[in-house]
Amino acid sequence: MAVSVEKRPFTATSTQPGQPWSSYAGAIIRYTLLTLLALLAFSPFILSFLGTFKTNAELSAFPPTLLPKTWHLDNWVRVWDFRLPSVQGPVLPRWLFNSAWLAAANVTLRLFFCSLAAYAFARLRFPGRDLIFTIVIASMAFPAEISLIPGYVFYARINWINTYWPLIVPDLVVPFGIFMLTQFFRSIPRELEEAAHIDGASRFRTYWSIALPLSRPALLTLAIIQFQGSWNDFTKPLLFLQKPNLMTLTVGMNFFKSQYTNDLSAILVGAMFNAIPMLVIFFFFSKYYMEGASYSGLAGQ
Amino acid sequence: MATSASVAPHRERRAATLARREALTAYLFIAPYLLTAGIFTFGVLIYVFYTSFTNLTASFAVAQAKFVGFNNYIRAFQDSQFQIALGNVFWYFVVVTTIQTIGAIGLAVLLNAKLRGLQIYRTLLYAPSVASAVVLSLIFLWLYLRTGFINYVLGTNIAWLQDPRRILDAIYQPLGIKNVPDFLRGPSITWLAIMFLNIFSTIPTFMVMFLAALQDIPGHLYEAAALDGATGLRAFWSITLPLLRPVIALVVILGTIGTFLVFAQIAIMTQGGPLRTTLVPLYLIYQKTLGTGTQAEAGFGAAMAFILAFIIITITIIQRRYIESSTQQS
Chain G
1 MAVSVEKRPF
11 TATSTQPGQP
21 WSSYAGAIIR
31 YTLLTLLALL
41 AFSPFILSFL
51 GTFKTNAELS
61 AFPPTLLPKT
71 WHLDNWVRVW
81 DFRLPSVQGP
91 VLPRWLFNSA
101 WLAAANVTLR
111 LFFCSLAAYA
121 FARLRFPGRD
131 LIFTIVIASM
141 AFPAEISLIP
151 GYVFYARINW
161 INTYWPLIVP
171 DLVVPFGIFM
181 LTQFFRSIPR
191 ELEEAAHIDG
201 ASRFRTYWSI
211 ALPLSRPALL
221 TLAIIQFQGS
231 WNDFTKPLLF
241 LQKPNLMTLT
251 VGMNFFKSQY
261 TNDLSAILVG
271 AMFNAIPMLV
281 IFFFFSKYYM
291 EGASYSGLAG
301 Q
Chain Z
302 MATSASVAPH
312 RERRAATLAR
322 REALTAYLFI
332 APYLLTAGIF
342 TFGVLIYVFY
352 TSFTNLTASF
362 AVAQAKFVGF
372 NNYIRAFQDS
382 QFQIALGNVF
392 WYFVVVTTIQ
402 TIGAIGLAVL
412 LNAKLRGLQI
422 YRTLLYAPSV
432 ASAVVLSLIF
442 LWLYLRTGFI
452 NYVLGTNIAW
462 LQDPRRILDA
472 IYQPLGIKNV
482 PDFLRGPSIT
492 WLAIMFLNIF
502 STIPTFMVMF
512 LAALQDIPGH
522 LYEAAALDGA
532 TGLRAFWSIT
542 LPLLRPVIAL
552 VVILGTIGTF
562 LVFAQIAIMT
572 QGGPLRTTLV
582 PLYLIYQKTL
592 GTGTQAEAGF
602 GAAMAFILAF
612 IIITITIIQR
622 RYIESSTQQS
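Line by line, the protein sequences are chains G and Z. Taking our numbering, the leading residue of the first sequence gets 1, the next gets one more, and so forth. Taking our numbering, the leading residue of the second sequence gets 302, the next gets one more, and so forth.
Think of the hints as simulated: they come from the structure by calculation, not from any bench. One or more hints might be untrue.
Said to hold, decoys possible - In silico SDA-like cross-links for lysine to any residue, where the CA-CA straight-line distance does not exceed 20 Å:
1. Z:415 - Z:311
2. G:287 - Z:417
3. G:287 - Z:517
Can you build the whole structure from these sequences, using the hints too?
Below, the structure written as structure tokens:
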């Protein structure tokens, strides 16, 4: 299993053919199908982006228009300045800021604590290591959402409702991150670290200044997965952030939608504020996304 | 001899000290995991399990919860809402898992060729998986309007998110069959609309897993098969599919867990309506725990959560057994 872990993500870019497709006709059919499917995959985003420039009347008129009759750039301004009675100042920048700092904090903390634990599992010997690692793996297979919603009671008991603690502390060290980085650390040669260790460097130093810099691609992959998880999260902020001024963009937009169901242009603008940063990051780092997906494949096995 | 005998215990002691120090460092490194997992994963799980045997209710922060034994579990099995939710989620699991697995294999096969530019297509096709359930739900609220693009493209006039008609009635009604239980009447049109949304957003993730597996299949297998006259579909059936089996198992299991835990789309788009045809266990548990739109009964919610967990774990164990045993035969 360890061998395939090292190999799998990097062979994903190889161009070995699955089937012999020598004929031009085959290639043309393939390209045509893929182009149609790519358009289908993208159409909801394109349509709703164009929709953000339409009036509410045009958005609910039949037949729907592809391009706005007149371009209303002011929808974006209107949503940016939108105010709710219970919140001081415009809400959208606030929700955006809440989502952003929360994602940044979660990514940083999880990278640090996951890599620290993974280094111990990959490099250090201690009683109970294999047992604890098995527990880490096993806990990935358990559907965590099961205890998440009823667990609300627990967080209410310790007075963590309407604080950010339940969105940060329980997932400080995610099992998937430990698993992924342990596999990665095991794949890099020990010699460098051993040399440094003999020279008197502490374990933390060899971890920090040798193992971590060598693991940049794996760390980046994990960072992207965790950023996406935090930025897109809905259930936890819905449970724990009930005051509008504390909300993240995802629950904020759900809250907005429940108050102003017919303000379609505003809803679409809000959705774009959530989707665009994610799509931009994705197009810059798409390679790391694919590696992350193959790692989740391995984690399941 | 004499010198080495006096050195050995010294060395041993030194080695033991080093080993102890290494173990201590290691425990420090994993201490954050042990603490957070101990309290928030396993601790909360045990706490929730305990609450499932109590009548914990509305003002749970102060209320004295009484122990009620298995009452919550017995009640859950008799509760009509929970039965409806389980029936709904079962249809969702069957339809979504099947279509997304087949769709992901199809897309991966399309992308697995020695052609220019396929990397770009892979990136483009992956994009729906990056958007959050919230974004997709908000966008599709609009696309599914009676005056929206979906009706426009299909040439239909359906209120996709408010239509409780169950699709299998299309079979029963012409035959004059009446009084069919709701579950056997199939998913509602609204439920189908949400199924489509979920399939749309999960296919790309699984496509990438299949693609990685396809690219691991050695080309000489196909060359050998071609010599025996097996190309195209034959080669796909006799080589590709059997070799994909472990990944199929994984995708089916991940899909099963994901579909049984569907929540965000329901909370945003339908709140379980119309006529409870999109009510799912997790949304019901949410309502019962927080008391949104119903009486708060956290203990009862916890019991339902554990029944749901039991169902998910049982189904995935069966899937794993079944697919693994058929892998050994091949």
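Hint-by-hint comparison with the structure:
For the hint linking residue 415 of chain Z to residue 311 of chain Z, the alpha-carbon distance of about 64 Å lies beyond 20 Å, and the restraint is violated. Using a Cα cut-off of 20 Å, the hinted pair residue 287 of chain G and residue 417 of chain Z holds, with the two alpha carbons roughly 17 Å apart. Of the supplied pair hints, the one linking residue 287 of chain G and residue 517 of chain Z holds, its CA atoms being roughly 18 Å apart against a limit of 20 Å.
In summary, the one numbered hint that this structure violates is 1.
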